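Protein sequences appear in the order of chains A and B.
In this text, residue positions in the first sequence follow the working numbering: the first is 1, and each later residue adds one.
In this text, residue positions in the second sequence follow the working numbering: the first is 1, and each later residue adds one.
Heads up, none of these hints are tricks.
Incomplete in silico selection of chain B near chain A, CB under 7 Å: (1) Leu-12; (2) Ile-22; (3) Trp-26.
Read the hints as simulated data drawn from the structure, not as lab findings.
Just so you know, these numbers come straight off a predicted model, no measurement behind them.
Note that beta-carbon positions come from the ideal geometry of N, C-alpha and C, so glycine has one too.
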Amino acid sequence: MATTGQPQRQNKGRVQVVRSSLPYQVLLYLNGWYFAFFFLCEILIYVYKNETLPYADNVLPAEVILVFILAGIEALRLFFAQKGNLTERIVGVVISILLSIPAVLGALYLILWQTYVLRVDVILAAIQAAFIGLELVFGIVSMINFARATPY
Amino acid sequence: MRISGIVPARFLTIVAHVIILIILFWAKDDNIKQCLPSTYTQSEYDSKDTEMIIGLSVGLGLMLIELIGFIGGISMFMPFQSMLSVACHAGAVIALFFFLFEFWPCSYYWYIFGFCSALPAVTEMMVWLGVGFFHKGL
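Next comes chain B alone, as it looks inside the complex (with noise of 0.2 Å):
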């Protein structure tokens, strides 16, 4: 099979989500008080704090998820599940970016997770599903 552009496209899409997942682990500080009123205190201000750890651990999960699909060649030359993957990854990383350097409120992190890192993640697993249980592989 002829490798087209995809393949590439789809990696460094990945790659770049995972690096700026791992950088809003050090800078989500100023997220955080975002979504805080303007006098809080310290449970509030921790509540919010384990709410950003668990879900950028869980988005980091998922891209590993999707990581071992992909290079483990699973879903690798599959247009469909590339494509949607290439799209839903390029939204995530420009939308993170707007999240860093504008200081959106932490609860804007869940709309992100949900539409860019937990959709693909989620029909990367029904292709693993296909593969291996109805023999849908290429």
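If we strip away everything but chain A, and leave its shape as in the complex, we get (with noise of 0.2 Å):
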């Protein structure tokens, strides 16, 4: 499955090296639509909560805050991940392994520390931080690729 370090096509005396991580980029693909999936039902379970559930003030407005900053942390992640995947840079992957602590901190807000925690928010972010840390590891192993001498 993996493509990377391996020679594809041999003409003319080229080789072409393909370095970009298969695996990786299926997950980001895939970690693109759960995060969307994720936003939108974190999205309802505070409309859920704000009916059922009494809160103190300015305590809801700051989570719903919470959550689409993260929205906007994870689309940049994601963005540079793919960016530095498929153009084989470490600049990106740097950057995105950077913007995932933010991430992974926002997922455990919402499992450990939010003012009412519900089983759908443990299992949604738990999937989340799941797919951050595979894609932390990958992201290293794929850096360590693509900050190889250029083969010729």
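Join the two chains into one complex using the hints; note that each chain is given alone, in its own frame.
Here's what the structure looks like:
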């Protein structure tokens, strides 16, 4: 499945090596769709919580804004990771790895520290955190791959 | 190959099915009481509880099989398997929502399991066999 480091085609003395990681790209593509689903679910869950549970002043808007900020961070993270992986540059992958720290903290906030934690919250955010963790591993591996000397 | 909308649709329906199965693990109590008589002993409850736990675990295992086949790329671009999988899992999610919120008796779970978890998993494994032994891949 992985096409990293294998010469694909040989024409007229030029060897083309694809070092972009396919599993990493599949994960990023699916994570984009999963996050859209996750975002929609979280907003609907906040609507439900607002209707049924008592909240202190200004807590609910802060949590909703946090989910929106998380969406922004996630969009940037996935964008830079995909660009970095497809163009085989380290910079994009490094930016996405750095952005995955606030993304993980946001997921942890939804699991542990928000005012009311529902079971759905725990499961949804845990799947999101698992995605981020897997992408961290693949990101580091592909970063090492890109950092090697360019093969001729 | 052009990626059509069926790949994310299949992924999201499978994930939704997994999420609702995990929720059922925590909330199966009322469903078990629905399929017991009004007076029941602890051992009767325990046997039904074990039955539900087995059903839910096997359901999660079948989801795992399908996710491996899907994310591993074996059946990701096969139109028939994807369509069947989307239809079955979307149906399962809706049926399990009713199961959860309307407190359906626990014996109903086995119909949902048979038609919406086992059927796509069996065809998925037939796809694996076809790809592995008969070179029927794309």
